[in-house]
Amino acid sequence: MIVGPATRKIFLPAILPVLGAGMLLLPVMSSAAGAGQKIEKHFTVKGRPVVMIQNVADGRIEVKSWKNSEVVVSASQPSDKVGLDMEQADDRIDVIANILDTSAPQSELSENIQLTVPEQTELQIKTQTGLIYVEQVTGDMKLESIAGDVHLKEVSGYIIVHTTGGSFVCTQCSGKLDFNTISGSAQILQPSLKSVNLITTTGNILFDGDFIRTGIYTMKSGRGLVEVRFSGTDSFDLNAQTSSGTVDNRAEAFLKPDTHGFRRSASKYAKGLFGTVGNGLAKVELSSFSGTVRILKRD
Amino acid sequence: MQCKDVAQAIEQEGFAPLPEAARGHVAGCAVCSSLLADFESIVAAAAQLPSEVEPHSRVWVVLRAQLEAEKIIREPQLAVAAEKSPWWQGFAELLRGRVLAVSAVAVVMIFAAGYFQMSHREPLTAAVDGAPAGTASQPVAAEPFAAAALSLDQEEQSLAPVQTVSTGGATNASPVDNSLRENLATLNTFIKECRKRLQEDPNDQVARDYLAAAYQQKAEILAAMMERGRSVN
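If you're matching them up, the sequences are chains A and B in order.
If you count by my numbering, then the first sequence holds residues 1 to 299, one letter each, in order.
If you count by my numbering, then the second sequence holds residues 1 to 233, one letter each, in order.
Just chain A, same shape as in the assembly:
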């Protein structure tokens, strides 16, 4: 079809903007529909938001922060077998991923969620499997997973992490930490935590960092290794006990008898180690039922 110059002159200015807008909207329109696509939503918040994610499907959840007062939720899913509901009530944002077709194959039942939040945000995340990763967020958080690992980096607040089999790595975390798992392990690296409570039944625990004065640190592993690497400038009272495992004291040069407080001795049924490093300002309690408790000064 040949269009005359007069027609072109009349129609082109009107059609071109429409075509241009259509090209721009194409990705957005396709994101909202169909399987194997990406969904993105923006929520403007006023103060410190509370973001709750419940992922009944499998998949990775990643949370990072930015300076804007806006929460951005983007999710990708391989199929339409998983539904994603999002709602905002003032500064509370709920994200729920639900399985729509339970007979679908496992590979189609996943939902990866990426979250960008203001630096000061409270989080409640509950997932089944897949990594939970949180970076540079300040605020209380409760993270629960069955089989997925939890990795935190530069996170601050009252941090509660519960897994069934997932392991936990916390790098440069501060505030208070409570971790409970059955077979997962925990690594606490370069922390500034003033309260730590780590419990695992069969996993290992590694604490590599400083003990803050007046801090309380409890680490328990039923069958695994509990290893604490402290610095020469640390100051803490130590109580290490095991029922049928071993206490491996590699810090004899730094550990002196407790000069203050109770005169304690290990139960005659348990092997124990009591002592003080520095002035004993923090309190460190380590135990393993049948594994090993190891204490050493790091290089």
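Hints are not guaranteed to be accurate.
Dumping the calculated DSS-like pairs for lysine-lysine here, alpha-carbon to alpha-carbon at most 25 Å [what the hints assert, rightly or not]: (1) Lys194/A - Lys153/A; (2) Lys64/A - Lys38/A; (3) Lys271/A - Lys192/B; (4) Lys41/A - Lys142/A; (5) Lys126/A - Lys142/A; (6) Lys71/B - Lys283/A; (7) Lys271/A - Lys4/B; (8) Lys196/B - Lys271/A.
Selected chain B positions facing chain A (Cβ under 10 Å, derived; list incomplete) [to be verified]: (9) Cys29; (10) Val176; (11) Ser179; (12) Leu180; (13) Glu193; (14) Arg197; (15) Asp201; (16) Tyr210; (17) Ala214; (18) Gln217.
Pair by pair, the computed Cβ-Cβ distance ranges are [what the hints assert, rightly or not]: (19) Lys64/A - Ala27/B: 51 to 59 Å; (20) Ile39/A - Ser41/B: 50 to 58 Å; (21) Gly232/A - Ile72/B: 29 to 37 Å; (22) Gly24/B - Ile39/A: 31 to 39 Å; (23) Asp94/A - Gln2/B: 39 to 47 Å; (24) Leu281/A - Thr189/B: 38 to 46 Å; (25) Asp101/A - Ala27/B: 54 to 62 Å; (26) Ser107/A - Thr189/B: 26 to 34 Å; (27) Ala37/B - Ser69/A: 47 to 55 Å; (28) Val43/B - Asp94/A: 26 to 34 Å; (29) Ser107/A - Ala160/B: 22 to 30 Å; (30) Lys4/B - Lys64/A: 44 to 52 Å.
Everything labelled a hint here was simulated from the structure, so no lab data went into it.
Cβ atoms here follow ideal geometry from the backbone N, Cα and C, with glycine treated the same way.
Dock chain B against the given chain A, drawing on the hints supplied.
Chain B alone, transformed into the frame defined by chain A:
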């Protein structure tokens, strides 16, 4: 009468009915009539709430395990009978609901003390036959957390068919279901180890603490399995 007097009158005498003097003020005061309307809608909403909210049975188990771990209550140093449901379970039924949350601690302590005294007169035998945690088939003496163990074992047994249906059997189970099952098996083995250790050394406090923690974890994992069964179904 002023607004603050109305607030005081409501606080002291209630608003059903509103005192005569306050009623006159409220009729001509938008703020007070709004306040009164708010109170009335709160009371109406409260009346809609269910009077009893039934807590999960694991609340009771965890509570008991915690009380025993902290030595607030003690298990009897005698054996318990095989087929009988333990007495405290029946009592727990009576305590379900909001009352449980408020008064369980006090009541448990009273009954534990009473039971401890009674048990010196009337020996009982253990009800742990065929339990998944591998309890002994013979009556067991000085079994720590026996009541919690029994309750959890019963819950575990009742869960087995639900799990099989919801996951289509172990072979087709998802990684999450497998993880739950494996961790439950791990816990059961660990519980056995702790109990064995406590049979050897009943005063091993470290073993006792780990056993209490393992029972708490078992209660949580059973609850997670139940919740998952419900959501998948």
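Here's how the hints hold up against the structure:
1. As the CA atoms of lysine 194/A and lysine 153/A are separated by approximately 17 Å, the hinted pair is consistent with the 25 Å bound.
2. For the hint pairing lysine 64/A with lysine 38/A, the CA-to-CA distance comes to about 18 Å; that is within 25 Å, so the pair holds.
3. Distance restraint check for lysine 271/A and lysine 192/B: the Cα-Cα separation of roughly 21 Å lies within the 25 Å cut-off, and the hinted pair is therefore satisfied.
4. Our distance criterion of 25 Å between C-alpha atoms is met by lysine 41/A and lysine 142/A, whose separation comes to about 23 Å.
5. A C-alpha spacing of about 8 Å is found between lysine 126/A and lysine 142/A, which places the hinted pair at or below 25 Å, so the restraint holds.
6. For the given pair, lysine 71/B sits about 23 Å from lysine 283/A by alpha-carbon distance, which is consistent with the 25 Å threshold.
7. In summary, the hint linking lysine 271/A to lysine 4/B is not supported, as the alpha carbons are separated by about 66 Å, beyond the 25 Å threshold.
8. With a C-alpha separation of about 18 Å, the suggested pair lysine 196/B and lysine 271/A falls inside the 25 Å cut-off, and the hint holds.
9. This hint is violated: cysteine 29/B has a C-beta 30 Å from the nearest C-beta of chain A, more than the 10 Å allowed.
10. Residue-level restraint check for valine 176/B holds (minimum Cβ-Cβ distance to chain A is 5 Å; threshold 10 Å).
11. About 4 Å separates the beta-carbon of serine 179/B from the nearest beta-carbon of chain A, less than 10 Å, and the hint is met.
12. Nearest Cβ of chain A to the Cβ of leucine 180/B: about 6 Å, under the 10 Å cut. The hint holds.
13. Annotation: glutamate 193/B was flagged as interfacial toward chain A, and the flag holds, the nearest CB pair being 7 Å apart, inside 10 Å.
14. The interface hint given for arginine 197/B holds, since its Cβ lies 6 Å from the closest Cβ of chain A, which is under the 10 Å cut-off.
15. Annotation: aspartate 201/B was flagged as interfacial toward chain A, and the flag holds, the nearest CB pair being 4 Å apart, inside 10 Å.
16. Hint on tyrosine 210/B holds. Least Cβ distance to chain A is approximately 4 Å, under the 10 Å limit.
17. This hint holds: alanine 214/B has a C-beta 6 Å from the nearest C-beta of chain A, less than the 10 Å allowed.
18. A cut of 10 Å between beta carbons decides the hint on glutamine 217/B: the least distance to chain A is about 6 Å, and the hint holds.
19. Checked against the given bound of 51 to 59 Å, the beta carbons of lysine 64/A and alanine 27/B, roughly 57 Å apart, stay inside it.
20. The hinted range of 50 to 58 Å is not satisfied by isoleucine 39/A and serine 41/B, whose Cβ atoms lie roughly 38 Å apart.
21. Taking the beta carbon of each, glycine 232/A and isoleucine 72/B are about 41 Å apart, not inside 29 to 37 Å as hinted.
22. The supplied range of 31 to 39 Å is broken by glycine 24/B and isoleucine 39/A, whose beta-carbon atoms lie about 59 Å from each other.
23. The hint said 39 to 47 Å for the Cβ distance between aspartate 94/A and glutamine 2/B, and at roughly 43 Å that hint holds.
24. Checked against the given bound of 38 to 46 Å, the beta carbons of leucine 281/A and threonine 189/B, roughly 39 Å apart, stay inside it.
25. Between aspartate 101/A and alanine 27/B the Cβ separation comes to about 60 Å, which falls inside the hinted range of 54 to 62 Å.
26. As the Cβ distance of serine 107/A to threonine 189/B is approximately 32 Å, the hint placing it in 26 to 34 Å holds.
27. Against the hinted window of 47 to 55 Å, the Cβ-Cβ separation of alanine 37/B and serine 69/A comes to about 35 Å, which falls outside the hint.
28. One distance hint, 26 to 34 Å for the beta-carbon pair valine 43/B and aspartate 94/A, holds here, with the actual separation near 29 Å.
29. Range check, serine 107/A to alanine 160/B: about 27 Å between beta-carbon atoms, so the 22 to 30 Å window is met.
30. For the hinted restraint 44 to 52 Å between lysine 4/B and lysine 64/A, the CB-CB distance of approximately 50 Å keeps it satisfied.
In summary, the numbered hints that this structure violates are 7, 9, 20, 21, 22 and 27.
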